[in-house]
Amino acid sequence: MILSSDSQVMLLLCSHLGLSSDPDTAPFTLHDWNPLARKFQTRSLRPGALLDLSEQDLASQLDLSNDEAGRISRLLERRGSLAIELERLESQGIRVLTRADENYPLRYRQRLTDAAPAVLFYAGNRELLGQPGIAVVGSRTVDQVGQDCAAYIGNACAWSGSVLYSGGAKGVDSISMKAALEGRGTAVGILADSLERAIRVPETRAALMRGDLCLATSYSPNAGFSVGAAMGRNKLIYALADYAVVTASDVEKGGTWAGATEALRANWVPVFIVDYSDMPEGNRALLKKGGVALPYPFPIDFAKFPDWLSAQAVQNKSKPTQLGLF
Amino acid sequence: MFAKAEGLLRAMIGDQANFRPGQWEAIETIVSKKQRVLVVQRTGWGKSLVYFLATKLLRDQGSGPTLLISPLLSLMRNQIDMANKIGIQAFMINSANRQEWEVAEAALSENKCDILLISPERLNNERFQKSVLPEMAGRVGLFVVDEAHCISDWGHDFRPDYRRIVRILQMLPKGVPVLGTTATANDRVIDDIQHQLGEGLIILHGALDRETLRLQCIRLAKQSERMAWLVENLPKFHGSGIIYCLTVPDTQRVTEWLKRNGFNAEAYHAGNDTEIDRPALEQAFINNEIQVLVATVALGMGYDKPDISFVIHFQRPGSVIAYYQQVGRAGRAVDRAYGILLSGTEDDEIQDYFIDTAFPSIQSMREILDALGRHETLSFDELLSKVNIARGVLEKALKLLEVDGAVGTAYDGKPLYFRTPNPWQPDTERIERVLALRRAEKSQMQSYLDHNGCLMEYLLRALDDPQPKPCGRCANCRGKGLSRTVSHNLVIQAENFLKGISIPIQPRKRWPFGLFPEQKRVIPPELQNCPGRSLCYYGDAGWGKLVRSGKYSDGHFADELVEASLRLILHQWKPGPSPSWLTAIPSRRHPDLVSDFAKRLASKLGIPFLPVLVRTEEAPEQKTMQNSTMQARNVLRTLSVIGNVPSKPVLLVDDIIDSGWTMTTTGFLLRSHGSGEVYPFTLAQASGRNINP
Ligand SMILES: [Zn+2]
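Line order of the protein sequences matches chains A and B.
Position one of the first sequence corresponds to residue 1 (our numbering), numbered consecutively onward.
Position one of the second sequence corresponds to residue 1 (our numbering), numbered consecutively onward.
One or more hints might be untrue.
Claimed, not checked - Now the in silico label distances, taken between C-beta atoms and shown as ranges:
id: 1; chain 1: A; residue 1: Asp67; chain 2: B; residue 2: Asp60; range: 20 to 26 Å
id: 2; chain 1: B; residue 1: Asp191; chain 2: A; residue 2: Asp63; range: 33 to 39 Å
id: 3; chain 1: B; residue 1: His205; chain 2: A; residue 2: Asp67; range: 53 to 59 Å
id: 4; chain 1: B; residue 1: Asp464; chain 2: A; residue 2: Ala115; range: 55 to 61 Å
id: 5; chain 1: B; residue 1: Gln425; chain 2: A; residue 2: Arg46; range: 33 to 39 Å
id: 6; chain 1: A; residue 1: Ser54; chain 2: B; residue 2: His205; range: 47 to 53 Å
id: 7; chain 1: B; residue 1: Gly62; chain 2: A; residue 2: Arg43; range: 50 to 56 Å
Hint data in this document are derived by calculation from the structure and do not stem from the laboratory.
For each residue, glycine too, the CB sits at the ideal point set by N, CA and C.
Construct the entire structure; sequences and hints are all you get.
Structure representation (structure tokens):
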């Protein structure tokens with residue numbers, strides 16, 4: 001893995017690689033990074049140019065305060081540990097993509113624009129990210145309906161050659177992913193934590209090695225679980241898919257609700273809500289907010305599910321946006 | 001900046017000091033241009049001075065600390081003291097000084113550490129990554145890669161960890177200078193390093209000649225002849241020196257022989273001999289409290305004693321580069337030094353063994369990956385109990401697989417290995433290339449032995465020195481040298497010595513991991529063997545050759561071996577309480593070989609031979625069982641006790657002992673059936689697993 005100097009700078013500024021969990025100098029959040037990226041664009045600079053600039057040059061050329069220039073300069077100083085960390089990750093099978101990379105998933109650029117993560121870590125088949133597919137979202141604890149839905153969607157993906165997108169967590173995520181992979185289909189898991197650990201599970205590893213699976217995360221590969229991260233990655237699941245299916249949601253609380261309402265507002269993809277007589281309150285509320293009903297028991301054989309979704313989907317009205325922000 | 005650097009130089013090594021050619025150039029390229037430099041200079045030229053001064057100048061500019069990666073840190077203590085003279089705080093982190101890690105971490109976090117010395121394997125260590133790197137906030141101001149020839153497959157001691165260093169340097173964003181140093185690299189190695197580290201690498205190549213060194217080659221076929229030569233010629237040298245041997249048993253024998261002949265000699269190696277305190281030996285040698293250090297290559301890179309006046313090789317090393325590095329330890333701060341290469345008939349055999357065992361087999365590598373692939377993570381012992389691969393080979397294979405990215409390590413109190421999702425294909429082309437190189441290097445050393453031109457010029461040409469010319473000092477240039485013949489009497493004495501030494505068999509106290517999963521691993525003391533003895537090393541000088549021909553060509557062990565065993569047992573070993581009966585390990589493959597020998601030995605000892613052990617089924621040859629668990633399991637499965645076992649002490653006889661599990665498990669069986677103390681005795685010890693330095 002030879003990285004461009006643009007990607008090197010983005011990793012230095014926007015990732016935790018080589019930093020303690022509570023560093024003196026915090027890396028850039030997207031909120032910090034986007035204004036800087038715009039400054040590059042207006043000045044026709046590439047991020048890699050930062051490697052050659054002194055702290056004074058940074059301040060003057062990018063019109064930054066001394067504090068900001070100092071922070072950038074300190075983050076850029078950790079080139080040595082960045083190289084050591086990247087080598088270690090690569091030797092474990094983990095690679096990186098940044099917004100400066102041409103291989104960065106196009107759907108993130110188009111649909112998320114400023115909210116597209118600056119840095120992604122991934123293992124397995126990168127080319128799956130953004131291939132036609134169905135996202136499944138639901139809770140970690142599942143009832144019989146949830147299990148049926150998960151298995152149905154996983155089988156549908158395997159059968160039709162669609163990618164199964166999920167959060168790679170327990171419950172709906174793992175049941176649907178297992179079904180997809182067992183049918184020799186393909187899957188993508190967008191993790192909120194512990195990518196390093198996840199890829200050690202024998203079945204997961206085998207699927208990664210076959211090229212049937214890609215696990216990706218915008219958080220550090222060794223990050224522990226956090227509610228914030230679990231919420232934050234929801235959009236990354238929706239934004240890669242063609243359709244999303246919510247199996248079960250609480251109302252006005254929980255990650256599924258937050259993610260689904262966000263997706264409905266943003267209109268990245270048609271969001272289907274599993275619809276049955278004693279469904280959770282959240283499902284009912286999401287249907288009212290614009291979710292498309294997916295009746296359970298399912299109206300059609302799983303082999304024809306993608307066609308059915310396409311017929312039901314309200315035309316996705318999301319408009320193309322300008323590209324090219326690092 | 002030059003004036004400042006010169007001032008620092010003088011503060012470090014004296015008021016009159018000036019830079020040697022190349023030193024300032026290297027410092028300037030690092031500090032001002034922040035470029036990547038490879039310095040090829042003979043040992044003692046002052047490479048450490050370059051990185052210490054560069055560190056000081058960079059630190060004064062506000063750079064982060066220097067990260068120095070070196071395979072041999074234990075030898076750098078005196079260099080650290082030197083650095084202190086110009087106010088450089090150096091800290092070291094290696095597997096042997098865990099108690100000092102916190103001190104180093106604290107110094108890093110307060111930005112008080114100027115140079116951090118680590119061994120290559122630290123780079124992949126979780127604690128290093130999680131606590132040390134963040135403490136320095138990743139601010140590596142300068143990377144120093146010591147012994148940079150290890151980067152290249154063409155280098156004589158390619159180390160897998162160095163491939164990792166290369167990848168790190170390839171991923172290193174620009175603006176961080178890198179300094180590689182080596183004393184031994186020919187053009188091919190340098191080209192390869194340049195190829196791997198990028199065209200921007202600047203090479204500073206000095207002359208390698210050591211102008212005080214007098215070289216000579218002497219062929220003496222037998223070990224006893226070379227041992228006699230040592231005793232005759234060592235008194236002619238002034239000062240202290242090193243005798244290099246190829247194997248651990250050789251260092252032990254030569255040391256013992258020299259001691260008996262009144263020399264102040266000590267053995268130095270990395271074998272699993274707990275009595276060897278290497279740092280203490282290094283220090284005693286530096287203080288000239290030891291005159292002759294008899295060493296394997298474990299006394300390796302970076303060892304810097306300036307007043308070594310001779311380096312003698314008891315056997316021929318594998319390559320010119322290795323030879324020059326070893327012989328080049330002599331003559332740094334003395335006017336005249338000797339580099340004598342002795343060579344005998346065993347050299348080719350040993351070198352071929354090193355070449356043949358350089359890489360674990362592809363089959364072993366696949367077996368390891370399969371076992372790891374079935375699990376999330378496995379500890380080393382868990383993995384060992386699931387594969388039929390020797391411990392040492394498994395260690396080597398894991399290291400290679402790790403560097404290949406096929407295996408990763410996590411830590412949970414101990415290292416846990418796991419299969420990564422990276423694909424793995426055996427790099428047979430690379431392996432073939434390296435093996436072909438090793439063979440070419442071997443023949444280049446064979447030619448050196450018989451070269452009749454200038455020996456120094458031969459070596460320098462092989463090393464692509466910029467200006468090789470006849471030295472005027474070597475035995476060939478001067479037409480005279482040390483004696484090539486030895487006194488017949490001394491040779492006889494040496495032969496008797498070789499036949500008179502015996503080798504202890506240490507009883508094993510613990511079962512291998514996973515043999516009895518539900519029981520404790522400690523073998524109850526009352527069921528353990530007593531310490532035992534072997535007559536010789538298999539195939540070696542002394543009795544070893546006779547044992548080999550007895551086993552594989554004659555099908556009968558000679559009476560001389562019975563006599564020698566008798567003398568050893570009665571006069572040297574004298575086990576007590578003395579054994580009152582004798583039994584032997586049975587074999588279905590050669591039913592009479594050992595029992596016939598055992599019967600003759602029993603009758604000479606005047607005690608009964610009782611065949612109480614039987615093979616219940618044909619066992620696969622123990623030597624095909626590659627590790628402890630498999631070996632012990634093999635014995636327990638196929639051996640049992642019949643008839644009456646006397647409750648008296650017993651001599652347990654076999655021909656060759658390898659891992660010791662046959663003896664351990666058989667002794668355990670005998671004692672469980674009521675026998676008295678069990679004394680293991682074998683004709684020979686297999687040296688295969690022992691041969692490594
Ligand atoms: Zn000469």
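The hints, checked one at a time:
1. Asp67/A with Asp60/B: 20 to 26 Å: holds (25 Å)
2. Asp191/B with Asp63/A: 33 to 39 Å: For Asp191/B and Asp63/A the Cβ distance comes to about 47 Å; the hint is violated.
3. His205/B with Asp67/A: 53 to 59 Å: Distance hint for His205/B, Asp67/A is violated at roughly 47 Å.
4. Asp464/B with Ala115/A: 55 to 61 Å: Hint holds: Cβ distance 58 Å, inside 55 to 61 Å.
5. Gln425/B with Arg46/A: 33 to 39 Å: Roughly 36 Å apart at Cβ, these two residues keep to the hinted range, so it holds.
6. Ser54/A with His205/B: 47 to 53 Å: 33 Å Cβ-Cβ, so the 47 to 53 Å window is violated.
7. Gly62/B with Arg43/A: 50 to 56 Å: Given range 50 to 56 Å: violated, Cβ gap about 27 Å.
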